[in-house]
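With the hints as a guide, bring both chains together as one complex.
Residue numbers (the working numbering), protein chains in the order written: chain A, 1 to 391; chain B, 1 to 279.
Since the hints were derived computationally from the structure, they do not count as laboratory data. Check the hints yourself; a few may be wrong.
Claimed, not checked - Chain A is faced by these chain B residues, among others (derived, beta-carbon under 8 angstroms):
1. K46
2. L97
3. A113
4. S135
None of the values given here were measured: they were computed from a predicted structure. Note that beta-carbon positions come from the ideal geometry of N, C-alpha and C, so glycine has one too.
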Amino acid sequence: MKAPLLISLAVAGQVTSSYAMDIQGSIGIEQRSFISNAQFPEQGNHQTSLTIEPELYWSWNDQQDAFIFTPYARLDSLDNERSHWDIQQAKWVHLQDSWEFELGIGIVYWGVTESQYLVDIINQTDQVETVNGDRKLGQPMAHLSLIRDWGVIDAFILPGFRERTFAGKKGRLRTPWVVDTDAARYQSSAKQKHVDWALRWSHSFDQWDIGVAGFKGTDRTPILQPSANATLQPYYQQMWQLSTDVQATFNEWLWKLEALHKEEQEQSYRALVAGFEYTLVGLAQTRYDLGLLLEYNWDQRGLDAPTPYQNDLFIGSRLAFNDEDGSSLLIGLARDLEQMSYSGRLQGSTRFGQHWRLNIDAWLFHSNVDTDPLYALRKDDHISVQLAYYF
Amino acid sequence: MKQSMTTLLFGATLVGFTTLAVADQGTTEQTDDPAARGLSIMQERKARDTGWQSSEASLEMLLTNAQGQTSSRQLRMKNLEVAGDGDKSLSIFDTPLDVKGTAFLSFSHVNTADDQWLYLPALKRVKRISSRNKSGPFMGSEFAYEDLSSFEVPKYQYRYLGEEEIAGQATWKIENIPNDEYSGYSKLVSWIDQQEYRVLKTQYYDRKSALLKTLQFSDYQAHPVDTPNGERKSFWRANQLSIENHQTGKATQLIFKEYRFNTGLSEADFNKSKLKRAR
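The shape of chain B in the complex, shown without the other chains (with noise of 0.2 angstroms):
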């Protein structure tokens, strides 16, 4: 009940902002309009979302080839969050040995392409790399850079599917239209879960629109915080991240080990100039 008022309240203080949208439509109902049902739906789980401030972890990447041969590389992530624009995100990759201490620094946006500097310790260089691989394997796993870019809702447009359950929760059924030209997909499809507001599954689609990887969250554990307006909120965060490529038969496996928030990282820790210094 109170999920659903929730969704009628974001519903009507959308159409105040997009009242030419709506007039077009020239419904009366604001969520019978899919997508203004979707979009509400994104901007409640962005919501939600906001006010962890920043947060660290280390996983384990499991990449697992066609023949079922696996591969694992552990690394740490820090994460910063960004009012107003998308996060900032260091990772700092501990094996393969060979790689190791090469650190990925990346500043997403929501309107303009990403900035991204890699640190390469055996040349002690930080090279800025072109933003457009944002549709490429990160460090040759099935997920594309794009996939761990921090989530913002003008990314996409939404448009409500229906309702389905997963795994016995009940989730809403959401299709994502990424607006980035140099995006690598059509549409993603997204089932949100009607409890939490949390993604469990994601489906996405190649630009030639077939159905190319399935993503699914388990695991999810949540994360107790004191946000800045001295409120204590839960974040939820899988534990596991399993993408499968339905083109290749390739799939990666993101295991996290110690999720800690809120942990005094500020925005001087993600300054190009410090990646030499990431351990």
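Excised from the complex, chain A in its bound form (with noise of 0.2 angstroms):
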């Protein structure tokens, strides 16, 4: 009887429109090439990645209630560190119209702007993968939604915290002293089993797209302290934090704005990052639209703050071209305002027929301040270039 009930429940999820059961993904091969020769003996100049991410979704109770399972891995020829596996994804969702519950782990992106993603704070950042942090680490949550005319309610609670991904000895983008994520220190002595929690409200009304946060826990970003063995251990200290980020569309302008006030263990302190993207549609009578970005960043702690981002002009250019084949060029440039130091990226991604897409990504770096953490990078300058065949 129940391989029927199956296939007329595949029927059935054929004819709404909606899936029983759902299998997509895509797998990857990445090559990074830096341009100058490394800095440090055991460091390699070229690597090769694979990566795989399937995605499995199982839905009943006409797709009120579903599982999602996202497993994720990367293979890389030079870096052990870069090795990894993860969980993106392994949640069970419930949907009404008024409410969401999920439990499971997930990944919650919070934020507007471009130059980097300051109020961003539920996930870890996976930092071995990308240089701009935009891949992130599962979280284990527990996460509602109430989803009312004065906006949406979003509670977290928080349980198991994931450690942040640095490279190991031979990778590139790394800190002199290899981070040894083994050694990984704690302020709270439930350590890793510390239970976060954060309360975002968001509302859209007009042109405006508007989020309140609070977050109490494990601060996602650790303090590197130099051990006896010539090696960073990360130290993770308890936090909170109240952010904002606003967005405002005018046409052709968006106006962006996040912003936070954050304490920790010793002190506190506040950071922002504001600016706009303006775009010009249909560029000379073409197709294309060119996006101008321009964006402050600042942060309180001055010269002593572990960002690169403490004063510092990010100016960029996106290009998109409307083609079928959806592609699109960002460049961009983050100029520090106080000392020699700066960073650019050019990233570019089109496809090819239905299942490939190609991605290109180059970084480059320049810094003669050896306070700054640009400075470590400072011979990293690379080139990617990444093939997906999508399923």
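Structure (structure tokens):
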């Protein structure tokens, strides 16, 4: 009896354009090559990676309930720390019109700006993946959303902490002393079992999209402390923060703001990123749209901040080709306004046929101040070419 | 006979609201005024397409380049009728596979810019996008965003141009001048069939008044729906929309597979926070 039932479920799924079960995903190959020779003898100049990310989706109860499972793995030819796997999503989702609940491992994104992800805090950054930190590690959570006329309330309970990934001895884009991720220490005696929580209100009205959030728990960004055996030990302190993210959309102008106030163990500080994206639609009578981006990054800690974005101006340009292959190109430069330090990026992407996408990323770093976080990366200019097959 | 009566009636009602305009023209016979005649036909077109509440459809988009090579994408669209404003629509992409799960939410408005959000599944990120792009291509096709936005009477100024026959059907030919300064067009010319007030063809003229695109509607099908006021009414939808760009030689076809009406969609299904759930 079971087989016909499953078939009829699948058929019903097709008819109502919903899927009782669905598998999709991608397999990719990436070549990353560095322009300058390595600073440290163990490091290499080239690395090749294979990645896989399937997503399995089961739904029942007319899609009001679903289970989503998304494992991810990377195998890297050079860096053992970059070869890793993660459960990006493994969660049960229950949907109602005015509320939603999810339980399990998931990824949540907050924010509006391009140059950095300042207020995005729920998930740990999977730092070995990309330079700009847009890949995250799956976070265990219980997440309730209440959807009301006056906005959406998201409440999170976050049991279980994910440690940041760092490049290994042979890997590039690292600090001179390797970060020993096995030696992580915590302020909280509960260590990785500390239960964090977060609350967010967000709302869209007219041209405005606004979010206000609070988070209390283990800081996603560790302090890196030198140890006796010439390594850096990550130290994860307790903190709380209040943040806001705002976008105002006025025709060709997108005005963006992310700001936060953070209370840490020893200090408190504020930081913000604010700017705009102006789009020239149909540039010079073509199909192309050209976006001009300008964002100012500020951190109250000044030159002591562990981020390069303490007093930096980001200028960029995004070209959308609006072609059938969804091609796009982003060029950006973040320039420090206090010291001689900058980073530049080029990110291009296009599709081939129905299954293939090509991504090209290039980064360059310059700094002549040895206290600047970018100083460690000054020999790590590189180009990365990724070809991914989607199924 | 019935149609012309309706037109007359609408023309007459309209005069009540636009006495100034009509007085300026100094006409006594309302239907002789091409602006009033065009407007009344378009008002009837809108009246006949009011009351469907919600619809869902899956469709194939076929893109053809100047060399005749085609590529296809599958998507689903959900629409919600909004009384007194533009409709809400949600498009979900199933292919190409690298954008599977991408969802596009649009609240179209009569007098102000549309609100648009895009959900990018790879980053789990919902982005509010610039509404200035209405003249830009929808997902690389020859359709501009504004071509797919809901038809609302106050979006244009009208002029009745005469009668013409298209594929054996009597039509009214009407000029539409967009009110929105951000429209990519100087004018549209549409052919409305006199029987059912369906658009059979639209020609788009670029901002330099050169003919840009021709859109043809075919394979119309009537969908009976119980409207909120208890009436059972038929709504016409074309199963095939073919648009050709005369300046580039490119073309796009939309082939609708399963239109369903009044599927129980509500405002809640078009909330920005539901975008990440779109399947």
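Okay, the hints, checked on the actual structure:
no.: 1; hint: K46; result: violated, 25 angstroms
no.: 2; hint: L97; result: holds, 4 angstroms
no.: 3; hint: A113; result: holds, 6 angstroms
no.: 4; hint: S135; result: holds, 6 angstroms
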